[in-house]
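Below are the chains, spelled out letter by letter.
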Amino acid sequence: MTDDINHRDTSRWVEDHGDILYRYALLRVNDPDLAGDLVQDTFLSALKGLEGFRGGSTVRTWLIGILKHKIIDHYRRDRSEVLASDLPPGTEGEDLDHADRVSARWSETPSQLVENREFWAVFTRCLSTLPEAHRRAFSMRELDGLTGEEICKVLGVTATNLWVMLHRARAKLRRCLELNWFEGK
Amino acid sequence: MRCLESARLISERRDHPLPLGQRIGLRLHLLLCALCRAYEKQILAVCAISHHAGIQPSTHAPTLPADRRRAIEDSLKR
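If you're matching them up, the sequences are chains A and B in order.
When we follow the working numbering, the leftmost residue of the first sequence carries the number 1, and every step to the right adds one.
When we follow the working numbering, the leftmost residue of the second sequence carries the number 186, and every step to the right adds one.
Bear in mind the hints are in silico, worked out from the structure with no lab data behind them.
Take the hints with a grain of salt, since some may be wrong.
Going by beta-carbon spacing under 8 Å, a handful of chain B positions derived as facing chain A [stated by the list, open to error]:
# : residue
1 : D200
2 : L203
3 : Q207
4 : Q227
5 : V231
6 : C232
7 : A238
8 : S243
9 : R253
Some but not every residue of chain B turned toward chain A, in silico, with C-beta under 7 Å [what the hints assert, rightly or not]:
#  : residue
10 : H214
11 : A233
12 : H236
13 : A251
Just so it is clear, CB atoms sit at the ideal spot from N, CA and C, and this is done for glycine as well.
Using the sequences plus the hints, can you model the full thing?
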């Protein structure tokens, strides 16, 4: 309610929501300068569209919604150069890295892990090792829960290509976390 | 079914419904292969961690740099 009443007090926007928006953007674009640009654009767009904000959601939810669209616009804008090198040629010759045992650490809850400073560093480093197109596909699918159809439109790929990219992203992330966290500790 | 195909289907069934033959093949393979069952558990954990991180990034993640914060505050005042 307080948030709703104060939504026009834009002097507090950056203090109240700047860090959350920056973290949201950084996780998805993996570039501090670009994340800062997207956050800045988000605040400016919100200021312009302030009259249209009806207070049906909190200011933060509204701002995150704007930022989410800015990130997807960014993905869409420069998709051709990113995708050229990352499109999957096929699944032949792939190796599967099975674990020969499963560490009990895999059973820790997501919230415990995400709030562990060392794990967060490993997780973000592992995400950053994915090829750019795979990271974007994974981010939209698993971080944001977009449908395959929505992601195909943004990236301009076929469903079959998307499934291969997501499979490779999940497999590589699993392997990286296993080596650097779950088994490596 | 080989483990390589099983791993692909474990991922793909998160994204689209598998045809009946593949569903049965995967289920049988998972019954027989402990390593693929472990692999599936780990993939599901990776996805759950990522989903949580997407909604609520860690409080240990970097914050908005001070110079950028000032620039945004200035641009909002104009």
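To see whether the hints hold, each was checked on the structure:
1. D200: With a minimum Cβ separation of about 5 Å from chain A (threshold 8 Å), the hint on D200 (chain B) holds.
2. L203: With a minimum Cβ separation of about 11 Å from chain A (threshold 8 Å), the hint on L203 (chain B) is violated.
3. Q207: Hint on Q207 (chain B): violated, closest Cβ of chain A at ~12 Å, above 8 Å.
4. Q227: Nearest chain A Cβ about 5 Å off; hint holds.
5. V231: holds, 5 Å
6. C232: At about 5 Å, which falls below the 8 Å cut-off, the nearest Cβ of chain A leaves the hint on C232 (chain B) intact, so it holds.
7. A238: With a closest approach of 5 Å, the A238 (chain B) hint holds.
8. S243: holds, 4 Å
9. R253: holds, 4 Å
10. H214: Because about 12 Å separates H214 (chain B) from the closest Cβ in chain A, which is outside the 7 Å limit, the hint is violated.
11. A233: Holds: closest Cβ of chain A sits about 5 Å from A233 (chain B), inside 7 Å.
12. H236: With a minimum Cβ separation of about 6 Å from chain A (threshold 7 Å), the hint on H236 (chain B) holds.
13. A251: violated, 10 Å
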